[in-house]
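Asker: Next come the chains, spelled out residue by residue.
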Amino acid sequence: MRRLRIMITRLAGMFRRNRTDDDLDLEIDEHLRALTDRFVRQGLAPDEAARAARRQFGGVTQLREAHREARGLPLVETLRRDVVLGLRMLRQHPAFSVAVIAILALGIGANVAIFTVVNTVLLQPLPFHEPDRLVRIFDDLDGPGARDVGLSVPEFEDLRARTDLFQDVSAILPADVALAGGDHVERIELLGTSPAYFDLLGATAALGRTYHRAEWQPGFLDEVVISDGLWKRQFGADPHAIGRQVRLDEDSYTIVGVMPPGFRHPGPTVSGDVDVWAATGFLAPPFPTPAVRAQRLVPGAIARLQPGLTIDQTERRLGALAAQLAQAYPTVYPARLRWALRLEPAQASLTGDVRPTLLVLLAAVSVVLLMVCVNVASLLVARSSARGREFAIRQALGASRARLVRQLLTESVLVALLGGVAAIVVLWLMQAALVARMPPGMPRLAEVRFDWRMMAAALGLSAATGVLFGLTPALQASAGDPNRDLNEGGRNGGMQSVRQSRARAGLVAAEVALSVLLLIGAGLLIRSFAATLRQPPGLNPDGLAVGQIWIPIPNNPKANRYLTVPQRAAFVRKLLPELAGLPGVEQAALGNNTDVPFLGGVAGSRFFAFRDEPSEHRDRHAVEFGAVSPAYFSVLGTRIEDGRVFTDLDAETSQPVVVVNEAFVRRFSQTQRAVGRRLVDGAGRELEIVGVVGDIRGRGLDATPQPRVYASIFQSPSAALAVFVRTRSDVSTIEAALNPIVHRIDPELPVFGVRTMDDLMAESMARRRFSLQLMSLFAVVALLLSAAGVYGVVAFAVGQRRQEFGIRLALGARPFDILRIAFRPGLALTAAGLVVGLGMAALMTQLMSSLLFGVSAHDPLTFVAVPVALGLIALVACLVPASRATKTPLMRALR
Amino acid sequence: MTLPKSEVLQGTLDLLVLKTLDAMGPQHGYGIARRLEQISEDALRLNEGTVYASLLRLQQMGWIGATWGVSDHNRKAKFYAITRSGRRQLAREAAEWARVSRVIGRVLSLATER
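Protein chains in written order, with our numbering: chain P, 1 to 895; chain F, 1 to 114.
For reference, chain F alone in the conformation it holds in the complex (with noise of 0.2 Å):
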């Protein structure tokens, strides 16, 4: 099942948007939305144009910095990289996804024992 297009949490995809960037070093939107499209296998199916709402947002927080500079086809884009703080509240995030992933996935496997 795919969900909504505006069902994708919000923090969520503050994390995705920051964890790709993490992985790929300093990428434009466009590039960020291709990651996305490429890692989530068309399961998470979402406006592009989000992207730079969270990236806004991730700016505002100080995670990630950005600067104009030039694309492989040689054209304006601006570019956002992950700063320090910004690893550390990654570092930060995925652990506690971990943690309510794994507390989630016990009681699921709980309720299906019976």
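Looking at chain P on its own, in the form it has when it is part of the complex (with noise of 0.2 Å):
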């Protein structure tokens, strides 16, 4: 209460401020009056009694200020006043000013700028209703490679009848799909779910519905739901759209509602965002009745756990669950298969790869901020240095050490405030194009947004930047003595300044340990590229073009006219011939769509035996399936390591064969020759294995190539067909000319994702690119800065000692003498900030291991190359104005 009024007569204080001012003169004039009257009357002279008076009175203008420091809210008063007052100084400054405010604004909008990433990506929940209680379900199986590997709808409606861990429980089935009905078929993604997808999730359709859990039925249900991208790009945005009929493989359906921009599915797809959303209860034709548990067709299935379990609990009972089952069923579960299940908060299954990239760079982003933050402190040091006897004279005229400081920061909150102000407009204005430059696939991108949240964050930054690299050279500026500082205030500033120059040395060390730390992590991540690209891809690019064809599979298999595999067969041997007839084209394959390299699909795995192992020792084990037709290896020249691979006389009827890679020898066959082995797959079919051939690295130059089988397409040819062609034609001729010959043979099939080897390895690494180039700029940014810390230490050590340097020249001193005198100070800050930034490397290098490849987090040649470059650079800082030392003229010196 008390606080309150003080506060209000002050506030009212700050308006009346000159009226007031004019009453404490009147009561000031009018008290000295008297005293000076009293002392007259005591005898004394008028002139001395007047100085009596104003003796006996005390420091009017101290009073003068205290009064009115009491009597406004003195805070916000002096921030008036220092706000100004610090304004006149960049004014004065222009140059350097600009300077300062371009550095803090790059400083400061990176750091928003990644952090805005962080935030959207990392930190924001999942925009669903309780998103934490959201979790991804997988079954696991041992060994490496075997995670991950899909349910069986028998497993999935066992879990759907856990009411007791899961509210609800959704099947995930991301498909191609054709959508037929427009001016031309279109391959769309479509997203198979259980009806309850929408309940789960807690999501609402901006216009129209969705369906519910209430509608479930054993097969697909006519209602799906459209993404507002489809409804843009096909429907024209037209609200008449709920209602209408489209044709998704060959089926029709009918639209009920469209989900707004913003909705995201929380998981994987096949590739880009969800256009449909369909359900089903997977019990009906086209999967397969009745449901074997043995076969794992759905990839994945996403929960909401009911209130109040966490996700140990819930995962020690399906752990319960899973063994109950591998009892029921040892067949289907042996007990060296380890099956398990599994359970990932939906955030952290979806953002989780790109986690520690992104750490990793705000780390970096931070330190190019702290470091920018030495650089100004650095500056301003320097500048205090010639404001020395503007604060000397400040300090006698009574101001007090902690106005100084608060004066100070003020100017430097304020020089950051500016900086902050300037990233903003910038990344507001970049915003779109900065985001386009992230690299695909990185979750959650499309809700990355720079709102007012984030500019208020960036001026919080910039205010908390403005104290840390203001403080230092506040409290020590303001340390002078004044006495001194007055006195000696002449060209070379006195004591100030070598105490000044000694602070700014330690700033200037502690900028090249910090550029150390980012040159080591920048050195680090282009080693693991450069192993990267080191890494045999096991095919030759060049010339190398794939794209993809959907054959519709309709819900009714009367209806499907690509059912079994003759059918599918048919059209794989009517389609070679014609892909080899295309322009420039010198061979062409056809494979799953899954046999293209770096697209990032995964076969599932299928268990398959040996035929020759010891009944007792009989294991089933899991492994990659795909199927190609006989010029594959060659058309991506894949080595054959040994036997041969499929000819023409593979087909349909005759014995099955299948090719296997080397890391399927390496890990299955490494006694026996693998050519000639029998293995029985899960139908029980028998495939001899004809060939090894080399590994393809199709997940990532940087990942362990997993054991793979080739079938012949022939014997058993997928939906989704994929076309490899060496050519000499760019990508456009090749998509042109593919369109017609696929729509020749069946006007229903779309042709889609028609790309270039190049392309797709180059996208493979975009994320490692990406963030080898960011902590490469940085790196580079750090370099500068401290190059530039580096040389203005040493010209400013130069310009002190130039009287000293051109006494010693003129007493015969040798030009080199004078440059080691010269270097000193800069090779010592140097020194001092290698060895402590190395320290620093050496300990935090291990927190990016996860984005090293080929190299250990303290590579040798890193650890040594950088600091070799680092001090060579800083050499040549000092080298500059250290030479210019030696040219002194002796005149110019001592005047």
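Just so you know, these hints were derived from the structure itself, not from any lab. C-beta: ideal position from N, C-alpha, C; glycine also. Be aware that a few hints might be false.
Residues of chain F clear of chain P, computed beta-carbon distances all greater than 10 Å [stated by the list, open to error]: (1) Glu48; (2) Leu56; (3) Ala77.
Now the in silico label distances, taken between C-beta atoms and shown as ranges [as the list claims (entries may be wrong)]: (4) P:Ser97 / F:Gly65: 45 to 51 Å; (5) P:Arg33 / F:Trp97: 31 to 37 Å; (6) F:Thr12 / P:Glu48: 28 to 34 Å; (7) P:Glu48 / F:Gly65: 23 to 29 Å; (8) P:Glu48 / F:Trp97: 36 to 42 Å; (9) F:Ile39 / P:Leu397: 33 to 39 Å; (10) P:Arg88 / F:Val107: 19 to 25 Å; (11) F:Trp97 / P:Gly460: 57 to 63 Å; (12) F:Trp97 / P:Arg91: 49 to 55 Å; (13) F:Thr12 / P:Trp428: 56 to 62 Å; (14) F:Trp97 / P:Val84: 43 to 49 Å; (15) P:Leu44 / F:Thr67: 31 to 37 Å; (16) F:Ile39 / P:Arg64: 24 to 30 Å; (17) P:Ala363 / F:Val107: 58 to 64 Å.
Far from chain P by the CB rule (all over 10 Å, computed), these chain F residues [claimed, not checked]: (18) Asp14; (19) Lys19; (20) Pro26; (21) Val100.
Two chains, two frames, some hints: make the complex.
Answerer: Take a look at the structure:
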């Protein structure tokens, strides 16, 4: 209450300042007059009486100042004055101000940009109802590559029955689908879900409605929900699209709803955002009836936990469920496979693999900001030596130290805020361009917005930055002894400047240390990138192009013109010669879409056993299966290591044969020649291994090749086909020519995703390249900042000692001696910075080990090259000003 | 021993000014300074300007009020008068001061007995 009252009178005081100032002056005058009269009456001469009166009264200015501070809101009041003063200082040194503001804008802007992404992707909860209860369910088998193998429909039904654990469970089946009914067939992204999907997420449609859990039925519901994107693309954002019929893979569905623009499926898709959501019970055609427990048709599932359950608790109870099932179905879940159910928070599983990249970048950009702070601080220290006299005079006139520090801090915060505002403006304008530069496949990128909250964060960061870089110079500038500074305030600035150059050297050493850290980080990423590039891809990407064809799967098997293997094989046989006849094509092949390297598709793992294994050791192994045409390996340029690849004779009716890769041999057939061995697949078919080919690192150059079995495409063609051509023409020619030849055979088949292999490989490296580029950019900025810092310190020191150098030269010192002296401060602080930086790097590079490939976090080459390079650059930065010292003309130095 | 000018405690000065106004009725700054000089018998030497700082503080607390009037010498002067809440505050402070000085007095007398 009392405080409030003071606040109010003070607030009022701010506006009535002039009147109350006059009042006080009048009171003081009257008081002094009365005192003087009194002294005169006591017998002093009038002028002496006036002096005595003043003495007895004390400092009039201080009283006025104290009055003013106590009366107005002192903080606001002095702040206002400091800001005005600060702006005046900035205007007086426009070049300095612009440089500092630009450096700060760079540092703050880079931080805010990265933080905006980190905030959206990692920190913001998923935009669903109670997102912390959303989980993804994974089926894992033993061994690498056998994680997340997918669920069978009976397993999914077991999960759906556990209402004690899950409020809702939805299977997730991302699929390609042909959308017909428009002017051309378009391949779109379909998400097959359970009817409970939208209830589970707590999402509602922007237009129309969604389907609901109560509508469950064994087969596909007639109702589909479409995305905002497809609604705009295919239906011209027509509100009457609700109720329209669409043909998806030859089946007719009714659009019942359009999702809002921000709605994204919180999980993996085939490629890009989901266009259509369709619900099914997975228990009617096209799914096998009755459902087979060993057939893992459903790639994944999401669920909402019952309130109050933690992930750990739920996982333990699922463990019990898995044990029960393993007992009930020992042939489906052999103990050696260690089948297990695993849960992950939906958010972590969506963003898990970008987390380390983003965090390392955030750390790096924070180091850059820290360096910017140090750099600006050292600039301010340098300038405060020029302002030494100003401070000394102000202190002599009665300014307290706190007052000076406050003023200097206000100035630096002001500068930082200006930098922050500049950063905000730039980010605001470049928002779209910056997001577009992010690597593709980064989850939640569409949610990234530079909004008012990020602007507030930017301003907050700026203010904090201002205090951070302002504190050292402020404390240090105000610590002077006004007497000495005033007396010595001649050319060399006296003690103040010695203290300042010491503070500055410390700051620059810190700068060198931080840039060592960043350079080593960037160096390690560069080395990883190089190591990645050195990995043999297992194919020759030059002139290799791929495309995809989707063969629709209607829900009614009778309507499916490509239901049986012979039907699909016939299509393949018709298409192959046409492909080879494309203009500029040397050789062409067909395969499954999962056989396209670097596309990111993962073929479902299938079980197999070796025929020749002793029955008691007979084990079932899980491995990825592909299916390719005879020319596949020669089109890709993959080596044949042993045996043969397919021929046209490995046809529908002949003995089923397979080709395996080297990883397969390493894993399963190390002691025995693989060629000639026979496998038994899950359906009981016997497959003979006829050849071994080199590994194709299709999951990324930095991923270990997984065992893979290739079948002949005539013997097991799938609905998702891929075209491979080795060509001299460019992609657009191929794309233009591919469409008509496919449509000549069947006009209902969409052709899409025509790309060069170079493109796909580059894309698979996009994230690595992105972090590499950013990190290198940060490192270069760091390098420039620290070089500028070292230069500044040496130049300043040389300037200070010009006189001394002149005399030394005159007395016969050789230029080399002068050089050595001039060098010393720069070299000392560089050495200190290098040592500290190497120590920090040794401790911290471990944190980025998940981003490294083929190089240790303490890679000796990087740890030697960086300090050497940095040392050389620092040497140059010292050499320039130091060599100036050797040319000091004596007379000028002495004058 | 006279205290150095700066060491007159702020709180003490406020109390003295409040008491002076209580005892003498409305008074201007000069009058208060004279009164303090008189009753402290020169033991308390202060920059008379600080009286005005004290007056401002007391005013902000609402313990005294101020009006412009005419002094004995027929000059314009600002007169300060204690308010009711100022009296209450004075009573509290005086009691507190008495209590503290009693305690200190006791402690000091103990120390001399040994």
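Asker: Next, verify each hint and record whether it holds.
Answerer: The hints, checked one at a time:
1. Glu48: Contrary to the label, F:Glu48 does not stay out of reach of chain P, its closest Cβ about 5 Å off (not over 10 Å).
2. Leu56: Contrary to the label, F:Leu56 does not stay out of reach of chain P, its closest Cβ about 6 Å off (not over 10 Å).
3. Ala77: violated, 6 Å
4. P:Ser97 / F:Gly65: 45 to 51 Å: holds, 49 Å
5. P:Arg33 / F:Trp97: 31 to 37 Å: The hint (31 to 37 Å, Cβ to Cβ) holds, given that P:Arg33 and F:Trp97 are roughly 34 Å apart.
6. F:Thr12 / P:Glu48: 28 to 34 Å: holds, 32 Å
7. P:Glu48 / F:Gly65: 23 to 29 Å: Roughly 37 Å apart at Cβ, these two residues miss the hinted range, so it is violated.
8. P:Glu48 / F:Trp97: 36 to 42 Å: holds, 39 Å
9. F:Ile39 / P:Leu397: 33 to 39 Å: For P:Leu397 against F:Ile39, whose Cβ atoms are near 35 Å apart, the range 33 to 39 Å holds.
10. P:Arg88 / F:Val107: 19 to 25 Å: Hint violated: Cβ distance 56 Å, outside 19 to 25 Å.
11. F:Trp97 / P:Gly460: 57 to 63 Å: Violated, since F:Trp97 and P:Gly460 (Cβ atoms, about 47 Å apart) do not stay within the stated range.
12. F:Trp97 / P:Arg91: 49 to 55 Å: holds, 54 Å
13. F:Thr12 / P:Trp428: 56 to 62 Å: Given range 56 to 62 Å: holds, Cβ gap about 58 Å.
14. F:Trp97 / P:Val84: 43 to 49 Å: Distance hint for F:Trp97, P:Val84 holds at roughly 44 Å.
15. P:Leu44 / F:Thr67: 31 to 37 Å: The hint (31 to 37 Å, Cβ to Cβ) holds, given that P:Leu44 and F:Thr67 are roughly 33 Å apart.
16. F:Ile39 / P:Arg64: 24 to 30 Å: This hint holds: roughly 28 Å between Cβ atoms.
17. P:Ala363 / F:Val107: 58 to 64 Å: For F:Val107 against P:Ala363, whose Cβ atoms are near 59 Å apart, the range 58 to 64 Å holds.
18. Asp14: holds, 13 Å
19. Lys19: holds, 20 Å
20. Pro26: holds, 15 Å
21. Val100: holds, 22 Å
In this structure, the hints that do not hold are numbers 1, 2, 3, 7, 10 and 11, in rising order.
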